[in-house]
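Residue numbers (the working numbering), protein chains in the order written: chain V, 1 to 395; chain F, 1 to 294.
Worth flagging that the hints you see were computed from the coordinates, not collected in a lab.
Please note that a few of the clues may not be correct.
To be verified - Pulled from the structure, derived: some chain F residues nowhere near chain V, Cβ distances all over 10 Å:
hint	residue
1	Gly44
2	Gly147
3	Glu161
4	Ala215
To be verified - Heads up, incomplete: computed chain V residues facing chain F, CB under 8 Å, no partners named:
hint	residue
5	Val144
6	Glu147
7	Pro149
8	Asp161
9	Glu183
10	Val261
11	Leu276
12	Leu286
13	Ile330
14	Ser378
15	Asp381
Said to hold, decoys possible - A few chain V residues that face chain F, going by a derived Cβ cut-off under 7 Å, partial list only:
hint	residue
16	Arg194
17	Gly273
18	Arg311
19	Gly359
20	Thr383
Backbone N, C-alpha and C define an ideal beta-carbon position, used for all residues, glycine too.
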Amino acid sequence: MKIHEYQGKDLLRAAGVAVPRGIVVRSPEEAEAAFGELGGELVVVKSQIHAGGRGKGRFVEEPEQPGVVLVRSAQEAREHATRMLGNTLVTIQTGPEGKTVQTLFVEEGLDIARELYLGIVIDRETSSPVLITSTEGGMAIEEVAAETPEKIFNEPFDVVDGLSAERAAVVGESLGLEGESLEDAVELLPALCRFFVESDCSLTEINPLVVTGSGQLLCLDSKMSFDDNAMFRHESFEELRDLNEEDPAEVRAGEAGLSYVNLDGNIGCLVNGAGLAMSTMDLIKLHGGEPANFLDVGGGADVDAVTEAFRIILDDSNVQAILVNIFGGIMQCDTIVEALLGAYENVGITVPLVVRLEGTNVELAREMLEGSDRDIISATDLTDAAQKVVATLGA
Amino acid sequence: MSILVNEETKVICQGITGRAGLFHSQQCREYGTPMVGGVTPGKGGTEIDGFAVYDTVTAAVAATGANTSMLFVPPRFCAGAILEAAEAGIELIIVITEGVPVLDMVRVRKQIDAMDNCRLVGPNCPGVITPGVAKIGIMPGYIHSTGSVGLVSRSGTLTYEAAWQLGNVGLGQSTCVGIGGDPVNGTNFIDVLELFQADEQTEAILMIGEIGGNAEEQAAAYIEATVTKPVAAFIAGATAPPGKRMGHAGAIISGGSGTAADKIAALRAAGVEVAESPADMGEALKRAIERAGV
């Protein structure tokens, strides 16, 4: 689960991490008022969407308007907010369709001396959380890693003991911090590492982490995502979820216990197992087709869940054919066929349907298919299935 | 011989009184796996469909001599159950459960790695099968036949597909190991490759990876340096969009790394026969074997 910058900063502040003062606004009037409340000299107005690259991003409806702006008067704050709220921001991370901005975060302007990078992730190789820092703040860390890897410092830390003050000081020194800034780092870095572990984050990224003119260290941005599997111990995070930022079909699928990702093609896929579902997409592409989705019904799905899967696939107006590819293990082939035949009645399948079944209860499932008078195309193996479903589009 | 399971294997199921735990314990027993009982806290002393149930793994080990455990424990209790098994002296812990928090696995790995003689497989995996000997997991038994191919995979159903294709080209398996689709797991590709390389019964290896992380690239380096047996591979997710989790928690392309193209290139450079299509996994291994034979 991802959250907005302002929500991340609220959590950081509560965890004792220094962040600038800011106010969440949802109207131009609120933006105007926020300017005064934050000192009335200089503020930054920031679009709140779940994607990076906002500063360089522009609005579809207001092509000159950036997603993040520096503002020097209340009037200006109001004007920018008017051009941002309700409009569609396109950044390098949103895709061409962009995202609607419904919330702005107005933050005090700071005297910035240096911009650093900080990220915390779990390193799969060492099975350990790792604090990644760099002197090159404000840039995409992937580019820094590719071009100047010597400017990136990796500091693994123990999941139980956290990051020690001694190691925090070493990291701070590699970043060129000294005096008050270094003292700040010795507090801030361990606090962020603790926050990462205690909140079950999968990513905590502060880009940039800034040093102010007076030497103070502050989190100027915050990008966070949490491990969905750990949400049972963070019930309060549920209210941070912004469904406007998620694909409605993916949300619906999640509620039914299905794993679904919407794609651009026209061949709907219904598969059991993530690996097989990915492979089915690959296979369709290999045979000249374009998958409309990734959909893993999982092992424990019942007839209702599989029926919902058909509904979600068919609600996508791009879908012109469906490929059902099942290798029954826990999932029984007859469950799929029962749902499939039911879907003709309850959902109304109007596009060609190609079915490839193997595994648990496959004989029974095949008999059920043969006994029905539905126009279902059977496939014997993966290649046959892909060729047949692609062929239905050419006809 | 095969790997991970042998004549000494005695299996308990943690979470045996749950629906999935019981169903698959029955399936494993039917296959011929030496299932000696199960564990569910609070239900010790009872019996379920002929399986003796114990409160703790320690009690189960004392009563049955079990050395292997298959876990169907719900995600939030899973880390505790794994550590309980490890502390009770279980040598092979196979975790089927999907949805264990990543940081729980980080904590578990820290403790298990410090122990001798304890191997963890999974979580979020189909388990381990040595055809004709023992099935410890959720894979359908009938698609597997005895033979000389070692199969290792991050996926579940795609492994079934691979085993089925191997059968269609007349290749049985020594052992099939599902290592699971999570970002932090126990046994990895290299661990299994090492076991297959040392195993006399295993003559060729089929490896199935997917997008996310760099375990396949590391495996490729290991194969190049150490594995002398023919190896074929398939990588799922060549068409997956970046930044989207494709079902498995570990299957995500992030920051431009973890792509199928990188993995395929690394494997090819290591001399591995890579299947372009998921329909070509069985044939690809056949080609690898033929190539090695010339």
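Hint check results:
1. Gly44: holds, 26 Å
2. Gly147: Non-interface label on Gly147(F) holds, nearest chain V Cβ at 19 Å vs cutoff 10 Å.
3. Glu161: violated, 5 Å
4. Ala215: violated, 7 Å
5. Val144: violated, 11 Å
6. Glu147: Because about 13 Å separates Glu147(V) from the closest Cβ in chain F, which is outside the 8 Å limit, the hint is violated.
7. Pro149: Check failed: Cβ of Pro149(V) comes no nearer than 13 Å to chain F, outside 8 Å.
8. Asp161: violated, 10 Å
9. Glu183: Since chain F brings no Cβ nearer than about 29 Å to Glu183(V), farther than 8 Å, the hint is violated.
10. Val261: holds, 5 Å
11. Leu276: It holds, given that the least Cβ distance between Leu276(V) and chain F is near 4 Å, below 8 Å.
12. Leu286: holds, 5 Å
13. Ile330: Holds: closest Cβ of chain F sits about 5 Å from Ile330(V), inside 8 Å.
14. Ser378: Constraint on Ser378(V) not satisfied, violated at 16 Å.
15. Asp381: Holds, about 6 Å.
16. Arg194: It is violated, given that the least Cβ distance between Arg194(V) and chain F is near 12 Å, above 7 Å.
17. Gly273: holds, 3 Å
18. Arg311: violated, 19 Å
19. Gly359: holds, 5 Å
20. Thr383: holds, 4 Å
Against the hints set out earlier in the document, violations occur for numbers 3, 4, 5, 6, 7, 8, 9, 14, 16, 18.
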